[in-house]
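Student: Okay, here's what each chain looks like letter by letter:
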Amino acid sequence: MQHTIRVSCSRSNLKTVRDFVAGVLQEHQLSDILQNQIILAVDEIVANLIIHSNQEDEHKHLDIRVEIADHEFRFEAEDDGQSFSPTEYRDPDLQEHIRIGKKGGVGIALVNRIMDHVEYTTIGTRNFCRLSKRLP
Amino acid sequence: MKIVPHATTDTLTLALDGELDASSSVSLDTELTKPDVLDYRKVMIDCQRLNYISSAGLGVFISHLQRFQDAGVKLVFFNMQDKVHNVFEILGLDSLMTIVPTQQEATAV
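Chains as they are written, first to last, in our numbering: chain A, 207 to 342; chain B, -13 to 95.
Bound-form chain A, shown alone:
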C-alpha cells in the first residue's frame, strides 16, 4: 500500500514528514537503529528539497509517497523546484569541514550511505527523488 503526504516548503514540516514515515514503518518492527536511519535519509532529502530546491517558499509543495513492498522501503518525493545534480556532488572530507568550521554538506553523504538506491530524475519541470532500502 502506498502512503502519501503533501507538505508546504517550510522547515517546520520536517517533523511532520518524519512522523509520517515513522507511522508507515511502525508496523514492520524494525530495529530502533534501522528505523532511525530510514527516517534520517528521508529527512535529509526533504530538508534539501525545502531549503535548497525551493528556498523555503511556503507556497510551494512537496508530494511524498512511501511504500513497503517485497521487503523493501521505497520513497519518492516530487517537486518543481531547482533540480539537484548528483554528478556535481563530492563526498565530504569531515576533517576539512571541522578545520574550516563548515556547517552543512554532510546530509547527502548520510543518504548515500544509508540507502541502497538513490535516484534523481527530472521530467519537464517536475523533479523526482527516489530512495530504496532492503529490509531484513
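There could be a bad hint or two in this list.
To be verified - Covered stretches of chain A (in silico footprint by chain B; criterion: 3 or more residues with CB under 8 Å from a CB of chain B, positions within the stretch not fixed):
1) 215 to 223
2) 299 to 306
3) 312 to 318
None of these hints come from the bench; they were simulated from the model.
Even for Gly, the Cβ is constructed at its ideal location relative to N, Cα and C.
Following the hints, put chain B in place on chain A, whose structure we already have.
Tutor: Relative to the frame of chain A, chain B by itself:
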C-alpha cells in the same frame, strides 16, 4: 528542542531535550556561538533526551569544534542513545569527536 544549561566554574553542561533537525538546530547554534562559552575549560553535551539528530545538528557541532579546540575548550558528549550514536558512526564522526558513555566519564575527560 529544549536546551538546559548548567554551569560550574570550569564546565558548561548543555542537556539537549528533543530532536535536532534543520529547523531546531538553529537554537543550539545560537547557544554555542555565545562568546562566553569559550571561557569554560569544557563543554559537556548531555544527550540522554536527544531523540534524533540530522546532518543539520551534526553540522552545528562540526562547525564549532575547531573554534573550541583553538580556545582550549574540550567538547564532550555523554549519555548518547544508540540510534543517535549510529548517525555519528555512519560519517565516522565518532572517531573525530569525544563521545563517552556516562556523565562520570565525561567529567573525567
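Student: Each hint needs a verdict: does it hold in this structure or not?
Tutor: Hint-by-hint comparison with the structure:
| no. | hint | result |
| --- | --- | --- |
| 1 | 215 to 223 | holds (count 4) |
| 2 | 299 to 306 | holds (count 6) |
| 3 | 312 to 318 | holds (count 4) |
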